[in-house]
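Here is how the chains run, residue by residue.
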Amino acid sequence: MPMGPSLISRLLSPLAAAAALAPGLSRASYGLDMLPPASPIASQIYDLHWAIMWVCVAIFVVVFGAMFYSVFKHRKSAGAKAAHFHENTTVEVVWTVIPLLILVGMAYPATKTVLDMKDASNPDLTIKVTAYQWAWEYDYLQDGVKFNSNLATPRAQIEEWEKTGAPKNKDYLLEVDNAMVVPVGKKVRLLVTANDVIHGWYVPQLGVNQYGIPGFVKDVWFTADKPGIYRGQCSQICGKEHGYMPIVVEAKAPEAYAAWVKERQAKSAPAPAATAAAAPAVAEDSNKVWAMAELMTSGEKVFAANCAACHQASGKGMPPTFPALDGSKVVNGAKGAQIALVLNGKPGTAMASFARLSDAELASVMTYTRNSWGNKSGDATQPAEIKSARK
Amino acid sequence: MSNASSGGYYFAPPSHWPLVGSAALLAMAVGGVLLMNGLAGGLATFLVGLAILVYMLFGWFGTVIRESRGGLFNSQVDISFRWSMSWFIFSEVMFFAAFFGALFYARVYSLPWLGDLDNKLLWPEFKTAWPSAGPYLPPQFTPMGAWGIPALNTALLLTSGITVTYAHWALKEGKRGALIGGLAATVLLGFVFLGFQVYEYVHAYQDLNLKLTSGIFGSTFFMLTGFHGFHVTLGAVMLTVILFRCMAGHFTPDNHFGFEAVAWYWHFVDVVWLLLFVFVYWV
Amino acid sequence: MSATTHAPAHGHAHDDHHAHPTGLKRWLFTTNHKDIGTLYLWFSFVMFLMGGVMALLIRAELFQPGLQFVKPEFFNSLTTVHGLVMVFGAIMPAWVGFANWLIPMQIGAADMAFPRMNNWSFYLVVPAAILLVASFFVPGGAAASGWTLYPPLIIQQGISIDMTILAVHILGASSIMGSINIITTILNLRAPGMTLMKMPLFVWTWLITAYLLIAVMPVLAGAVTMLLTDRHFGTSFFNAAGGGDPTMFMHIFWFFGHPEVYIMILPAFGVVSAILPAFARKPLFGYASMVYATASIAILSFIVWGHHMFTVGMPAAGNLFFMYATMLIAVPTGVKVFNWIATMWQGSMTFETPMLFAIGFICLFTIGGFSGLVLAITPVDITLHNTYYVVAHFHYVLVSGALFSIFAGIYFWLPKFTGKMYHEGLGKLHFWLSLIGFNIAFFPQHFLGLAGMPRRIPDYALQFAEWNMWSSVGAFIFGFSQLLFLYNVIECIRSSRKAPDNPWEVQDSLEWTHLPSPAPYHSFETAPVVK
Ligand code: HEA
Ligand code: HEA
Ligand code: CUA
Ligand SMILES: [Cu+2]
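Chains as they are written, first to last, in the working numbering: chain Z, 283 to 673; chain A, 48 to 330; chain H, 102 to 632.
With the rest of the complex left out, here is chain Z (with noise of 0.2 Å):
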């Protein structure tokens, strides 16, 4: 609606600011609201939430205003005596009517919205977002940029079963390792899709939520509008980790996501198929033999990315859904077979294809399983062989 919505959030901020500021609730942070949209199809969903909210709450205070009248006026100990009518047709027309017209009113502006937000042409640059559980992988289609984007928080701040965890970052459980970078003032546009379960892709200040669905691409756009950091969350329940797979968009001027995006193409340029992704722990060359220390200290870091979730940092998994790597026969077994198995996943099991980590990260994390808890096969995996087992 035209006029309300910045004279509305003006009205309610001094509310805001009074509740934020009552007596001993000084220090939290009492969230009302939704969050500063960064986006112009936000901007539009934020102010017609609040045009709608206000049409409701006037129609909330008129016909309960007359309820809450009724109930001190006409009560019996009031002395009320009941009247007879039960029936008055010219009402009840006004009542259907009324609503009918309000309800137009609200879908007007919102039918644009939708027709807006539905407008996914002429984007400045496409990506292709993909859901694994539990990580995002994010494919810079004309840029030839790909890479994972993990939770960061680490573990200890989260479990705390047995004792209290460590102290909680300040973006705990909303940062991850690499953020999604786009640059300001350009049409983005989004092309969803998942790998294994329905996951959604949700940037409340940017206004995108869309689901990644397996099997399909279902294309969304937004345009940041001025730099900053957006975070948000899988909106979607995709299994035990759900509620730890954040999504943090970096919105940069024009000129420095360019240098981010040279900047990562060297990155990833001498590895030579497009599956390779930039992991920072390893620098990516297939061909360079690795030391075994190497090895299992990069290995640990994408253990405790990518697999740490199912199979535990403790390797004992969580049988009968999850099983143990330690002591595995597969992981104590040769290595092509569980290369193999990391490599193609497990059809029909929660177990998917990791062929999307590099070479060096899938040799280093097979190296750790194979020589981490009570698995001693003393032999390390070079990135060469990954590189060959795949097809």
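Because the hints were derived from the structure by calculation, they are not lab data.
Glycine is no exception: its CB is placed at the ideal position from the N, C-alpha and C atoms.
One should not assume that every hint holds.
[Said to hold, decoys possible] What the simulated footprint calls covered on chain H by chain Z, stretch by stretch (three residues with Cβ under 8 Å from a Cβ of chain Z suffice, anywhere in the stretch; the number is not a length):
id	region
1	173–184
2	445–454
3	601–615
[Claimed, not checked] No farther apart than 30 Å at their CA atoms in a straight line, the calculated lysine-lysine pairs in the DSS-like style are these:
id	chain 1	residue 1	chain 2	residue 2
4	H	Lys-126	H	Lys-599
5	H	Lys-632	Z	Lys-363
6	Z	Lys-669	A	Lys-167
[Claimed, not checked] For each label pair, taking beta carbons as the anchor points, the in silico distance ranges come out as:
id	chain 1	residue 1	chain 2	residue 2	range
7	A	Phe-151	Z	Thr-372	40 to 48 Å
8	H	Phe-334	Z	Lys-598	48 to 56 Å
9	Z	Thr-371	H	Trp-533	37 to 45 Å
10	Z	Lys-508	H	Val-147	51 to 59 Å
11	A	Val-140	Z	Pro-318	45 to 53 Å
12	A	Trp-311	Z	Thr-631	42 to 50 Å
13	A	Leu-97	H	Phe-237	25 to 33 Å
14	H	Pro-621	A	Leu-66	22 to 30 Å
15	Z	Thr-372	H	Tyr-588	45 to 53 Å
Assemble the complex: chain Z is given as a structure, and chains A and H with the ligands must be docked to it using the hints.
Leaving out everything else, chains A and H with the ligands in the frame of chain Z:
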């Protein structure tokens, strides 16, 4: 519509049959779960449940038939039966609607989407077509043609619809011979239909490589025709029971709701088949 | 017809009808609508406590950020089974319990049309509940996919999913039989003179509810059957690789799911429409338009399901259609609200416990309706979908909607059910504690949702901490207040406060005007004549 129900309406006395039925379904459910997950004791538990269910059906329906023969059901009870059978058939219609919905949705939405431009990212080779087993499952099966057995089956079922109506007419006219003849013909046509259906399934599996696992085509084809076949089986069994009851002289020209209920059911199964013929086999 | 030919058998049947088995047999084999109603109501309360304990575990875990009590997968199971148990175990059976007790009495029938089948409807709910609850104890834990059972997540999980699916099948069979029974009773067993437009509104709302049930339960059965075959028999309904589509499940599920939520609220409208006139001492305003509004809600409920799926990526036309259709439902619902207020207007009101719950219902349900309307606006739903705003919305319509009106109904009819008066002071205490606890628990969830807190997560970012804390505190206040309700009912049954036949002086409903309190085991063996 609602006339005095004072005393005349028959309200069933306490009964143990419902409880037996619940025990049966619980056993079947537990057995089914074990069976589907390959766990021990599944089949046995399921069969015990099924046996209890059959026992319950005999017992319960036997009781109802005795009550009916004992003249306990007045005309108002008869109306209750009519309402309930109509609503039951409506519920069956909605059950089939779910599967027809799946068929239409897959054909009108999912497959075109899978073949559209954006989805080239995931399925570069896939072209939308019907019949289809989807973009990944190997699609080398032959769909079932409409004009062989299915057309014959259509004729069979339509004829059986006529014979059952003829039997009904005969029942109302008190023509016992025609009644039994018409009904027997209906039962026979029903079982022949089922025989063809079995033959068709064998043919699909052996010659056409068309299986339940043949993607969305196989899924909708077998689930729709399968549930229909299951309903035809039920209908045919019920018709057989009714046939025996006719032979035993249970029905009179103006009191034969058991007969009519099954005839309605049979017509319903008929209509579902026509939809199947058009949407599953033909277009 | 046949009755004339076989007249002698008749007397025998009559005797059967009067046989009163006692002890356990009475409850197991019963064909008496009041006994079956009682069974349903107690069953529902037990399930409510179970679902409530799960909710309290959820709220305990969400009291502060971090994982303190449960593992994430168990948390998901709690959420899922809490939803399923509350919907299928608590709210729906409670309404069937009311239907059993009240419909025959309100239309002047001696019993339900098919008493034996009635018994079966109840005794099917029990194995289903056993399957649902037992699924917590099988390897892999109970279903953890949310009560909406979306594939492919549900394909991944183990044996408990099969138990859940078969439980849903059995519940469906029970609901369909129960509904057929109710519709037949209403259409065929009304006393002479009880025309359709003279029936109490509770009967009307149930007639329409039963119709909805028969229309959508089989669809749910079909949907979960497809899940089962996808899981075990290699079909590809919901698998893109085979040409299926996970969104197809959502469409089928919500074709059931949306009418389902009205199945839970329409009988509530009926109860409130019975209570308000009694305590306002004034006839219900706009009876006919209430009937039409209920029917309109039911019809519209079939074409709005897409509002649960605005984020799946439907074409714009789909989004717009579902948005408009959903918004339309506000019109007939509004008509109901306005009629209720017009009923109170210029009445001579008193505020006993049923009335308090009924007024609480109108206010809080409307808040829930408004948040529903906010969600119906597609773009706004984009920001709020699957956040706590949705959780707040549906607890306002379900807890302060359906549940509050169940409480209202119980307090209202307890005198008729038991022949005793409940303790008014305790009843009022129950109301106020519930009202306060409920609002502390669920109002802040709106803010959490607006700030973007997703639902179905065991742990959350720090900025959500304060409101979650409040919400958990409120949930515990609300939860423990329900023990007071249990106490009230038992205290009432055991008390010696004999209830008059018509304590609320209701003028126009047969159970009050024509029957003593407690209602006799067999009522209206001779149909009353309604003028
Ligand atoms: C009893 C149950 C019940 C009832 C009655 C309703 C009623 C409504 N619901 Fe709700 N809903 C649920 C139970 C219910 N809902 C549940 C359980 C879910 C979540 C499921 C899940 O995902 O797990 C849900 C989710 C849900 C969503 C999806 C949210 C999401 O997942 O993103 C939407 C979106 O449109 C919605 C809308 C509505 C609307 C418009 C109504 C309307 O019927 C409300 C109409 C009432 C009013 C509007 C108030 C009274 C009217 C007036 C006083 C008249 C004047 C008013 C105006 C002119 C505005 N509901
Ligand atoms: C149908 C009705 C219904 C009812 C009545 C309730 C009642 C409650 N619900 Fe819930 N709820 C749903 C339907 C309902 N719910 C649905 C459908 C979902 C969605 C599920 C999904 O996402 O899939 C949901 C989800 C849901 C969530 C979101 C979970 C998540 O997303 O992870 C939360 C969180 O706060 C919640 C809380 C509560 C609370 C606190 C109550 C309170 O009202 C409960 C009151 C508490 C009690 C009644 C306990 C009483 C018992 C005791 C005090 C102990 C005594 C013990 C013994 C005697 C043994 N519910
Ligand atoms: Cu991914 Cu939830
Ligand atoms: Cu809905």
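Tested hints:
no.: 1; hint: 173–184; in the structure: holds (count 3)
no.: 2; hint: 445–454; in the structure: holds (count 8)
no.: 3; hint: 601–615; in the structure: violated (count 0)
no.: 4; hint: H:Lys-126 - H:Lys-599; in the structure: 28 Å, holds
no.: 5; hint: H:Lys-632 - Z:Lys-363; in the structure: 27 Å, holds
no.: 6; hint: Z:Lys-669 - A:Lys-167; in the structure: 26 Å, holds
no.: 7; hint: A:Phe-151 - Z:Thr-372: 40 to 48 Å; in the structure: 45 Å, holds
no.: 8; hint: H:Phe-334 - Z:Lys-598: 48 to 56 Å; in the structure: 34 Å, violated
no.: 9; hint: Z:Thr-371 - H:Trp-533: 37 to 45 Å; in the structure: 39 Å, holds
no.: 10; hint: Z:Lys-508 - H:Val-147: 51 to 59 Å; in the structure: 55 Å, holds
no.: 11; hint: A:Val-140 - Z:Pro-318: 45 to 53 Å; in the structure: 51 Å, holds
no.: 12; hint: A:Trp-311 - Z:Thr-631: 42 to 50 Å; in the structure: 47 Å, holds
no.: 13; hint: A:Leu-97 - H:Phe-237: 25 to 33 Å; in the structure: 27 Å, holds
no.: 14; hint: H:Pro-621 - A:Leu-66: 22 to 30 Å; in the structure: 26 Å, holds
no.: 15; hint: Z:Thr-372 - H:Tyr-588: 45 to 53 Å; in the structure: 48 Å, holds
Checked against the numbered hints above, the structure breaks hints 3 and 8 and satisfies the rest.
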